[in-house]
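Asker: Listed below are the residues making up each chain.
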Amino acid sequence: MTLETLDAMVPEQNVPILERQRGGGRPLDHNGAAMIHFENVSKTFKRQCVLDGIELQIGLGERVALIGSNGAGKTTLIRCLLGEYVHEGEVRIEGQSPRAERTAVLAKVGFVPQLPPPLKMPVGQLIEFSAALCGCDTGRIAALAERLGLDVGRVRQQPFVKLSGGQKQKILIAIALGRDAKLLIMDEPAANLDPEARKIFFELLAERQATSTMLISSHRLNEVASLVNRVIELDLGKVVLDDRVADDVSLAGRLACRIGVKRREPAFEKALGAWSFVASADGLEWHGEVAGPDRLRFLGMTSRYVGLIQDLQLSEARGQLQEVA
Amino acid sequence: MKSLWLTARLDIAESLRARWFGIYCLIFGGLVALLFAFGLTESRVLGFIGLSRLLVTFIQLTMAILPIFVLITTVRSVAGDREAGVFEYLLSLPVGLASWFWGKMLGRYLVIFLPVFVAMAAAVAWALIRGIEVPWGMFGYYTLLIAVMGWCFLGIGMLVSALARSTDVAQGMAFLVWLTLLLFLDLILLGVMIQGRIAPEIAVGFALVNPLQVFRTAALALFDPQLIVLGPSAFVILDTFGARGYQLFALAYPTLLGVICAGSGYWVFRRGDLP
Chain Y
1 MTLETLDAMV
11 PEQNVPILER
21 QRGGGRPLDH
31 NGAAMIHFEN
41 VSKTFKRQCV
51 LDGIELQIGL
61 GERVALIGSN
71 GAGKTTLIRC
81 LLGEYVHEGE
91 VRIEGQSPRA
101 ERTAVLAKVG
111 FVPQLPPPLK
121 MPVGQLIEFS
131 AALCGCDTGR
141 IAALAERLGL
151 DVGRVRQQPF
161 VKLSGGQKQK
171 ILIAIALGRD
181 AKLLIMDEPA
191 ANLDPEARKI
201 FFELLAERQA
211 TSTMLISSHR
221 LNEVASLVNR
231 VIELDLGKVV
241 LDDRVADDVS
251 LAGRLACRIG
261 VKRREPAFEK
271 ALGAWSFVAS
281 ADGLEWHGEV
291 AGPDRLRFLG
301 MTSRYVGLIQ
311 DLQLSEARGQ
321 LQEVA
Chain C
1 MKSLWLTARL
11 DIAESLRARW
21 FGIYCLIFGG
31 LVALLFAFGL
41 TESRVLGFIG
51 LSRLLVTFIQ
61 LTMAILPIFV
71 LITTVRSVAG
81 DREAGVFEYL
91 LSLPVGLASW
101 FWGKMLGRYL
111 VIFLPVFVAM
121 AAAVAWALIR
131 GIEVPWGMFG
141 YYTLLIAVMG
151 WCFLGIGMLV
161 SALARSTDVA
171 QGMAFLVWLT
181 LLLFLDLILL
191 GVMIQGRIAP
201 EIAVGFALVN
211 PLQVFRTAAL
221 ALFDPQLIVL
231 GPSAFVILDT
241 FGARGYQLFA
251 LAYPTLLGVI
261 CAGSGYWVFR
271 RGDLP
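From first to last, the protein sequence lines are chains Y and C.
Last residue of the first sequence? That's 325 in the working numbering, and every number before it is there in order.
Last residue of the second sequence? That's 275 in the working numbering, and every number before it is there in order.
Each hint can be trusted.
Chain C side only, calculated, beta carbon under 10 Å to chain Y, not exhaustive:
1) 84
2) 90
3) 94
4) 97
5) 99
6) 275
No wet-lab data here; the hints were simulated from the structure.
Yeah, the Cβ is synthetic: ideal placement off N, Cα and C, and Gly gets one too.
Pulled out of the complex, with its shape left as it was, chain C reads as follows (with noise of 0.2 Å):
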């Protein structure tokens, strides 16, 4: 355990340290500056007085930067350490595989999840100086979503640095994933079901598999309960999971992705070459 939490503050120092994360600092503190300049300055032009249209803007473009931003950075810092011989050192230390291996993932979790909370719970403090309305549920809802979108992330991300075994082959695997379930979000899909040859109901599966949609839908649905901007798709998913329902696997499922993502990444190293 001590070796564990001995990595895991090593690689938040680490990433302190790192460009990366001033630079994801700077987006989501200034995403929330933005949005408050611009956001709720329309927004009271069109009669809304509360914080919810600036979340689930915040929300909506957390979902475009983070996971592309989780899934280089990770790949960038784990495969590039292991190819420039900071693993043949640093392993070559008594830490276990496992302390050092999870270690690494909680530092980073930390180090993804909290900028994106800070910049959000900025401002709910800021609105709440104001004195403009909190939606509370809202903003605990998609503090959960945050935290479940960098797990998920950071567990494909790990898995792949585990894969490959050169810094250009994992930024290749991880920007291939992320156009991938990009592509997913609309494109094939719409594109598979425009030749009919699959059933709807198949492609919305499809959909639901892939965690870029799940969130996007996740966030529609607090804003937007009965999904009518999804159109057809809404049935299907009202009519297996239910409101409700749908709220609690947007966050169970990428959950365990991610720990299925991440148990994996760690057999793969586990198993391997270490350097």
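Isolated chain Y (complex conformation) (with noise of 0.2 Å):
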């Protein structure tokens, strides 16, 4: 599909976006071929129009940001895309429809929810239960959950709702990645991850970067930006901004900082060893490993304890240095 029909067919108060894709220069079809299409796709709830005229085309091997406030539309979007909703227009995920073709295409997606569901049955038996579904293998799965940090075996037999935030969503990260999906839908997956799972986290989607799409989820763009390489916002259901951004993070890259501070403070060394970070003797030195995509994240929690920073030097693996502060 060329940009001239796209014209013609998106309604009047899109074509600054189509502006915006063509002087950003991004082409349509990342890859060369587009995996997910959405043509015209409207939703409405009882007289709201939730999703409006969506058109968008998403290439294999893209990291899209869906970013958007309360009731902009992402959940909304992401369900149709599931072909849990019904809707006006169409979604097709490599050419087929996720609605009258679920079990085909759902094979090729892995889906991590916002909010973990309130499942009553134990660890074990869902991750059996998706397994089977999805014809992986439960080691598979139960070896990813050990690397972002969770024993499966400890909690196999705990009803899943039982666990804490971070075990449920290392849980359903497993699920997600722990099969050959081609498309990853997350909606804000690192949200209750500690770093050292978030680390791991990364390094996993690195691992799948060549072979999938992710379409990441969030409020806000600084929780996912350093993840992704185009950014797509929605407002009252309609696409505001749809823009590539700066890719010169490796999602796998890790920086090593050194932190020197004025004075020992327990709540700053605390924040510090939560990131794995380890001190001199005196206390007053800190060094540790950061992920390159977890970078902005932790410079919001160094920026609370600026005034206790003496000096800040985050450094890319193979020593050339990156940021000092």
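Combine the two chains into a complex, taking the hints into account.
Answerer: Written out as structure tokens, the structure is:
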């Protein structure tokens, strides 16, 4: 489909977006063929229009941040993509309808919801059920959960609903990544993870980067900016921004960090401990590693103690100085 | 087919963990125990040596309890799961909608039928051990009647769950359905007949459309083949169906009603928003 035909199809209010797409030089198909097509998708709940003529194409290998405030239509868009909502217009994943051909389409999709479902079933049963439906190995899911820092053997008999927020998130991520999904749809996937698990999570995403398309939803761009190479913002059911972002930071990249502090402060020490930092003997110098995509979050944490910090150094693993504060 | 069994197994496991299932088993197990403790003793006093009195009492009580129990627990769990976001997640997995809906129905059906059947079968087993005569024909027919009753009200429950978008509405609808069927057993029918607005045949026709009344009459028919307790209505029923015919009708009609309701529920579920 050419830009001219798209111009003819979309409502007038979407024209600036197309101009932005042209201006930004982003091809409609990232890798030659679009994986996901939204064609004039609209969804209305009791006369309230939640999605309004969405036109989108997402290519294989793209990592898309879907951002927008509450009620912007992110969850509705995701549910349309999962074939869970009936809607006007057409949604296609690799040319197939997620509604009419749901088993074939959903076999290619890994989904992590924002709010873990209150499942009373034991963790082991959830893993077995998911693995049996998706035709994958329970061992692979368990191994992924282990990498994220969750011992499945220990929680296997526990009801899923009784786990902590982070543990639930790890299980859901492991189930989504534990199969050969070509499309990963994640709603604030790292929100409940501790820094170490986030680091591993980014590595896991990096491993899938070449073979999967990722759609990551969040309220705020800074939560997911470092994970993605394209940003789509929704507002009142319309796409109000569709742009590429700098993609210089590798998902698997790590930054060596050194922090010097003026004096010891238990709260800061505890926060750095959570990031697996190690202190010098006098407790005035700290060393550790920060996952590349997590650097904004890390700097956000350190900004709370800015009066305490004497110097802060972040360097890429190869030794090149990245940022000095 | 694999997804259907997986969904059925999941639903069975969920039900076995649920509190309602414990109460459900306790009620029917307790009923049999109570009937043995009191009913059978009384039967001996009155000269009964068989199990038929216990079975009749059991089936009458089952008819009072099972429909509302099935309706409320089904809509609570199905509509509740949807409201809580369970559907959003589980239906993002590659499971067909038919496998999901009918798998849930199958799992739940086994869970509601088996405890009632096991309670009745336990009574029979105990009777055999004690050397009490077992009316096998009655036991077999009541087993079928319970199986059909469970299916019929489960079908209605699944339809209500598909139509209602929230647990509260689903529970309200389920309760209303049960109350309507209950009122049409006697009260409303008697009222309209007394006022002379409809012909007695039509009133009896209404009664025969009501699955609760169908079960009630069928259970009585085995114990009282002339349906004397029903009064003049018995003539219409027996003239239309015959005793044997009515027994078959009491199995076929609720089964069909269950299929129609469940089928309509599936149609609504498949065409609408899933979560």
